[in-house]
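Could you put together the complete structure from these sequences and hints?
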Amino acid sequence: MSELVITRIFDAPRPMVYRAFTDPDQLAAWFGPVGWSVPRDTVDVDARVGGKQVFTMVNDADPSMASPVNAVFTAVVENELLVGEEDVSHIPDFGAAKLVMRLEFHDEEGGRTRLVLTQSPFPAEMETGAREGWGSSFTKLDKLLA
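Just so we're aligned: 51 in my numbering is position 51 of the sequence shown, and the numbers increase by one with no gaps anywhere.
Because the hints were derived from the structure by calculation, they are not lab data.
By construction, the Cβ of each residue, glycine as well, lies at the ideal position given by its N, Cα and C atoms.
Zero decoy hints are in this set.
With a straight-line Cα cutoff of 30 Å, these simulated DSSO-like cross-link-like pairs (lysine-lysine) come out:
| hint | residue 1 | residue 2 |
| --- | --- | --- |
| 1 | K98 | K52 |
| 2 | K52 | K143 |
| 3 | K140 | K52 |
| 4 | K98 | K140 |
Across the chosen pairs, the derived CB separations fall in these ranges:
| hint | residue 1 | residue 2 | range |
| --- | --- | --- | --- |
| 5 | I9 | E132 | 17 to 25 Å |
| 6 | L144 | D41 | 17 to 25 Å |
| 7 | V54 | E78 | 19 to 27 Å |
| 8 | S89 | D11 | 33 to 41 Å |
| 9 | D62 | P92 | 14 to 22 Å |
Given below as structure tokens:
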């Protein structure tokens, strides 16, 4: 098991990038790698400690392929930090019962935002696919923020 860390600069101010993760309409518009969608009616976000983030990613080509996310926020600082725990015990070969995701939002020059995403514990053999998935998702987020 390892820690997956991805840093990405977005050409948008911090509150705008933060909202893309906490506003259900925006989350549904960008989340998931290319070829996957998040139906708006599956999204529920309550961005406070103890609040939930629930949604389902659905494969565009084969809607029977779905990946539900059901996380609980453990730390929330508006426009700065989101930390959530997801029960992943149902995922074969994951090797852990809980996955912790930490999103840190930092100001960058020119009104941009540096996002630092950390997921742990993370199975090393799933890391490449996860990096590619996040990169693909973030390409969709770039278009939404433009």
